[in-house]
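Next come the chains, spelled out residue by residue.
There are 4 protein chains.
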Amino acid sequence: MKPNIKNIAVLTSGGDAPGMNACIRAVVRTGIYHGKNMFGAVQGYQGLINNNIIPMNARSVSNILHMGGTILKTARCLEFKEDAGMEIAFKNLQEKEIDGLVVIGGDGTFTGAKRFGEKFGINVIGVPGTIDNDLYGSDFTLGYDTAINTVIEAIDKIRDTADSHDRLFFVEVMGRDSGCIALRSAIASGAEAVLLPERETSLKELITKLKAGASTKKSSSIVIVSEGNKYGGAYDIAKAVKRKFTHYDTKVTILGHLQRGGSPSGFDRILGSRLGFAATNALIAGESMKMVGLKGNKIGLTSLSEALSGLGNYKLEDDLLEMTHVLSI
Amino acid sequence: MKPNIKNIAVLTSGGDAPGMNACIRAVVRTGIYHGKNMFGAVQGYQGLINNNIIPMNARSVSNILHMGGTILKTARCLEFKEDAGMEIAFKNLQEKEIDGLVVIGGDGTFTGAKRFGEKFGINVIGVPGTIDNDLYGSDFTLGYDTAINTVIEAIDKIRDTADSHDRLFFVEVMGRDSGCIALRSAIASGAEAVLLPERETSLKELITKLKAGASTKKSSSIVIVSEGNKYGGAYDIAKAVKRKFTHYDTKVTILGHLQRGGSPSGFDRILGSRLGFAATNALIAGESMKMVGLKGNKIGLTSLSEALSGLGNYKLEDDLLEMTHVLSI
Amino acid sequence: MKPNIKNIAVLTSGGDAPGMNACIRAVVRTGIYHGKNMFGAVQGYQGLINNNIIPMNARSVSNILHMGGTILKTARCLEFKEDAGMEIAFKNLQEKEIDGLVVIGGDGTFTGAKRFGEKFGINVIGVPGTIDNDLYGSDFTLGYDTAINTVIEAIDKIRDTADSHDRLFFVEVMGRDSGCIALRSAIASGAEAVLLPERETSLKELITKLKAGASTKKSSSIVIVSEGNKYGGAYDIAKAVKRKFTHYDTKVTILGHLQRGGSPSGFDRILGSRLGFAATNALIAGESMKMVGLKGNKIGLTSLSEALSGLGNYKLEDDLLEMTHVLSI
Amino acid sequence: MKPNIKNIAVLTSGGDAPGMNACIRAVVRTGIYHGKNMFGAVQGYQGLINNNIIPMNARSVSNILHMGGTILKTARCLEFKEDAGMEIAFKNLQEKEIDGLVVIGGDGTFTGAKRFGEKFGINVIGVPGTIDNDLYGSDFTLGYDTAINTVIEAIDKIRDTADSHDRLFFVEVMGRDSGCIALRSAIASGAEAVLLPERETSLKELITKLKAGASTKKSSSIVIVSEGNKYGGAYDIAKAVKRKFTHYDTKVTILGHLQRGGSPSGFDRILGSRLGFAATNALIAGESMKMVGLKGNKIGLTSLSEALSGLGNYKLEDDLLEMTHVLSI
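Protein chains in written order, with our numbering: chain F, 66 to 394; chain E, 66 to 394; chain R, 66 to 394; chain P, 66 to 394.
Keep in mind that a hint or two might mislead.
Which copy is meant is left open, so a pair is good if it fits within one copy or across any two.
[Unchecked claim] Cross-link-like lysine to any residue pairs, in silico, SDA-like; alpha carbons within 25 Å at most: (1) Lys304 x Arg241; (2) Lys380 x Asp204; (3) Lys295 x Leu366; (4) Lys101 x Gly297; (5) Lys304 x Thr273; (6) Lys363 x Asp204; (7) Lys101 x Ser370; (8) Lys295 x Asn116.
Hint data in this document are derived by calculation from the structure and do not stem from the laboratory.
Predicted, not measured: the structure shown is a model, and the values here were computed from it.
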C-alpha cells in the first residue's frame, strides 16, 4: 500500500555539481504543486543531524535554476555513518513529520540514504548528482555535461596561445579513479594526447606521439592529464617529459575546483529539472529506495542497491579512446 | 560485395549548425587514417555542380573543432533538384574518382542525397546536422544542444534585468514548425510561459497565467515565443498582451540567427566527432544510403528512407510541457 | 564644517546596469568599515517613499559582486518628482536618522538627487550607473563596458553563420538618442556598416557600401542599427534594403534588454567597486551634491550640476566613426 | 622631411596577448586604405631573419578580429639580439623594399625595435601588446583587460563551489614581477586575500585574515596568489597554510597559459583597432621610433626610449590594495 507522503525534505550531499539548484527547485515546486509541505536540509546529512531543516516554498527557489553550486550547501558528514547520528537525524525528521526524502549526490550519498531508509523505513529517492558520471542507472549524472564544457572552454583559450613556439601544454583535470572527464574533454578539445587512470600510456609512447605530431606539422600540442594517472599530476609529467624532450617549453594548467562550478549547461538544467520532478512524483506515488535516472531520453527508476552495485563503475569507453587516436593525427 | 572506396568527399548543406566543423574534421581525419583521399565540396551540392571540390588533408581541418559555422560553407541549391544538375555533379565526382560521399545536414539535404545515391549508385552516408532536432534515427541532431545553450544564456541576461518593475519580456526563438527549441529553452531558463506552434495557448490563458504569477510574487515574467506560433512573432504578441494588460511594460528580444552560431558545446563537439568518425567508417565498411545517429549512448545506422519517413517529425514532448507548468509556479 | 555622517542609505534607480551590485557592495562595506550604519532602499526612490529601507551589513552583500541586475531593484518613480513625495521620503529617512545617501543611476536619478539634496539638505553623492555612457565627469559609466561585450558576443555568433550565402544581417542595439553602443560595437565586432541616431546614412549609401564589400569578396555583411536611427528599427531597414537589393536574404536580430544584463566584466566590477568606495568615503569626508567618476585612471568628483549640464551629452566620436570606414574595407 | 613610406610590415613578438589580431587587422587595412603594400612577418623577428615575410591584403585579415592568439605567431628570437641577425633581417626587408615596420609586443620587443631602428634607419612604430600592463605611455596595454576577465570568470566558478565546507581555495595567476593581474583580479572577484610580488604578506597575517573572515561568517575563502610572490606558487602556500590551519581543506588551481588566450574583450578589440590604426597612420605621417598608446580616451605617441625607461614599471596601486582590504570584510 502506498504511503501517504505529506512532508518532504530535500538535501544535497558530497561534492557539489552544476544543476543541483535546478534539481532542488524542481523538487520543491513539484511537491508544492501537489500540496506537500517542503523542507530543505542545509549541508546535507549534517543538516538532518543539526536540525538545520528549513521550510521551503515556491519563492525559496526563485532565480536559482541557472546558478552553480547548491543553495542548500553540501558537507561530508562522518556522524551520519554512525547509528547514533542516524538516530538523531531520524528524530529531527519525525519531529517535523517529514516522511519523504530526496537526496541529491553520488555513491557516498546513496550509501547513506540506503542504510537510513532500511533502518528507519523512511521513504527515500536518490538523484544522481556528481560530475563523475559513475552511477549505474543513468546515462548521464547531473553536472557531467557542464564540467566537460568548463574544461573545453579552458583548453580553447590555451589553444589560442599554443599555436606557436615548440610548446607543450599539460592540463590536469578531475578524475582520481576514472578518466571519464579526461577522455571526453580530450575528444571535445582536440587534445593531442590524454593520460588516464585506466591506461598505462608510458612516457615513451607519449613522446613518440608528440614527435609524430611535430613531424606532420601540428601547430600545437595539448596533453590532458587525469589527476589519477599513474605518473602523478601534470607537473610531474611535464618535468619528466621535459627531461627527455629538452627543447620543448612545457607549460602546466591545473583546473582544480573550477570544474565543479559554473552556471549549468542547458543539458544539466533540463536533466536536473526532470530528475527533481520525477523524484518527487516517485515519492508521492509511493516509491522508495530508488534512484531516478536518464535512460535514453526517458526518466527511469533503478533500485539504490543496483545503482550502488558497481555495475555503474565507469568502463573506459574504448571506442572513444581509439577515436581520439584517429582524430588527433 | 563491399565497394572498395578510395576517394571520399564531404559537404555541409542547408542551415548551418554548431558542430559541423567537428564533424568535417572527423570525416577527413578518419578517411586519411585509413589511407583514403579526402575532398571537401564548398557550399554543399552547389560545390559539386560548380566543381568546387578541394582536396583535404589532416592539416586542412586543424583548429576548426571549436568553431561555429562550417568551413565548407553551405548553400541552398535549386539546380541539384534537377536531373541536369545532378548529372553535372556526378560527372565532377567521377572525374576525381570520388566514390564515397558524406553529407551533413537536415531533411532537405538527405532528400537530395537519397535521390543522388539511387540515381548514380554513389555511396552516400548522411549525418544529421541541424539545430531543429527533427530527424528520425538520432536522439539528438548536431547543433541542437548548442542552440539551447545559446538561447538560455541570452535569457539569463534578460532575467538579470527582469527582476524589478511590472515587466514582461518576450523572447522569440527559432522554430517555424516545431517548438523543440522553445520548449527545452523554457525549461532550462525557467520561463514563465511558452508559446509553441503545436499548441494553441490563447492569449487569455497566457494573461491568466501571468496574473497568477504576479499574485504569487514572482519577481519577473519571461515568455518564450516560437517564431511559428499562431499569433505571429514576439512583437505581435507583446502588442496584443499590452492592449489587455495595460499597466505592464512589455519588452521584446528577437534572437534570430545568433541561435545558429557560437562555439559548439562539448556535447556537440563529441557528437560531431563520433558521427563523422562513424560515417566514414561506415562508407569504408561498404555501407550506403544510411544515416548515422546517436541512439542512447551508441552510434547506430538508419536508412535514409526511414530517416526521412516523417517518423522523426518532432512530437511535442507532452511530459516536458506539463513539467514546465508545474515548475514555473 | 564637516557633517558627522552616521547612517547611510544606498539605492539604485533608472535602468539597471551591470556593475550596480559591485557598487552596492562597496558602498555598504566601506560604510561598515568606518563604523556607519548602512541601509538599502528597495526600488530606488520608491523605496524611500514606501519606507522600504532595509538595514544592511557586510554579509547582506556577500556573493553579489559578480551578479547582473541590482539586488536593491530599480523603479521609475513619478511620486518623487512631486514635493509631496520628496517630503515623505525625507521623513522616512529622518525617522531612521539617515543623513547620507548614495544614488546609483543615470541623469534622471541625478536630477532627483540634486533637487532632493537642495530641498532638504541631506548629503548626497551620485554614482554614474548606466549603459549609455552619457554623463559628464566620468570617462566611462558603470555598465557600458559589459554592454559592449554582450553585444559583440552576440554578433560573433551571427558572424559564424553569416559566412556563406548572399546574406545580410541587421542587428538592432540600444541607443535611442546616442550611437555610443552602436559605434563601439561596430568597431569591436567588425561590422560592415552602422546606422546611428547622429548621422543620416542614406539607404543608398548603405547599399553602395554593401555592394563594394561584395565586390571585394567580403564573406559576410553585418549592419548594426541603433534603435534611434531615423529609418526606424532593424526590421524596417531590412525591408527597405530588401526592396532595392532583392537577391539578398536579410535576417534580423533585436538584442533588446539582454544588453542590460549579464555578469559584469572585470572592468565594470572594478569600476563599480572603486566608485562605491569613493562615494562612501566622500560622504564621510563631508562631501555632498557631487558625482564620483573615473577620469583617466583616477576617481574624481564633479558637481551634480555639472554632471547634468549637458556637457556630458555623448558627442559622436568622429575619429572612431571614420576608423570604422577604414577598417571595414 | 617626411619619408615616403611605401611598403609596411607588421609583426607580433614576445608573449601573445588577446587583441593582437584586432591590431594586425587594423594595421593591414589602414595601410591598404592608404595605398601601401602590406606584409606580415611570421613568428616575429624570426620571420624577418628567415625571410618569412608574406604579402597581406584586406582579406588576409578577415574574420580574425575576435580571435585570441596571433595569426602571425610569435617567437623569442635570440639571433635578433646579435648584429649578424639584425643585418640579415634588414637585408630581407630591403629586398622587398619594406621601409616601415609596426611591432606589437612588450618591452623586449621594443628594445629590439629601438636598436634595429637606430642601426638601420628603418621607420618603426611600436604597439604595446602584453597582458602585463607594464609599459609607460599607455594607460592600458593590449590584452590586459581580457586577461582580467579570464581570471575572474575562472574564480566565479570556484566561488560557486567554495560556498560550503571549511574550504580555502588558492588560485595562482600570472605575474612574476608584478601583481597587476593579481590585484585587479582580486578586486573584481571579491577574493578574500591576495599575495603579491611587491608585498610581503606573511603567512601569519594571511591566516589572521582568514580567521577573521571565518568569525564574521564569510561563506568562502579565495586567495589569489601571484606566481612571483615570495612564498612560491599556490601549492607551496596551500601546504604552508594547511600545516598551521589543519582543519581547513585547501584546494589549488593554477590558471597558467589560459590567461593569455580567449577571444578578446570589447575593450581590447577597440584598443587593438585604435592602436593599429594609429600606428600605421603615424608611420605614413613620417613618425618613427615611437610607441602608440592610450592616454585617457585618446591615442598618443611616446618615444620608445621613454616607453622603455622604466617609468612604466608597474607601481602597485596602493589605493586599490587598501580598497581590497576594506571590501573583503
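Regarding Lys363 and Asp204, is the shortest C-alpha distance of 25 Å or less found within a copy, between copies, in both, or in neither? Both: 10 Å inside a copy, 11 Å across copies.
Homomeric proximity label, Lys380 with Asp204: Cα distance no greater than 25 Å: both (12 Å within a copy, 22 Å between copies)
Copy assignment of Lys101 with Ser370, given that the CA separation must stay at most 25 Å: Result: close neither inside a copy nor across copies, 28 Å intra and 49 Å inter.
Status of Gly297 relative to Lys101 across identical chains (alpha carbons, at most 25 Å): So Lys101 and Gly297 fail the 25 Å test inside a copy (50 Å) and across (39 Å) alike.
Can you tell me if Lys295 and Asn116 fall within 25 Å by alpha carbon in one copy, between copies, both or neither? Neither way: Lys295 and Asn116 sit 43 Å apart in one copy and 45 Å across, limit 25 Å.
Given a CA cutoff of 25 Å, do Lys295 and Leu366 count as a within-copy pair, a between-copy pair, both, or neither? neither (36 Å within a copy, 38 Å between copies)
Within, between, both or neither: Lys304, Thr273 at alpha-carbon 25 Å: within (16 Å within a copy, 35 Å between copies)
Homo-oligomer pair classification [Arg241, Lys304; C-alpha up to 25 Å]: Both. Shortest intra-copy (20 Å) and inter-copy (20 Å) distances satisfy the 25 Å Cα cut-off.
Taken one by one, the earlier hints fail for this structure at numbers 3, 4, 7 and 8, listed in ascending order.
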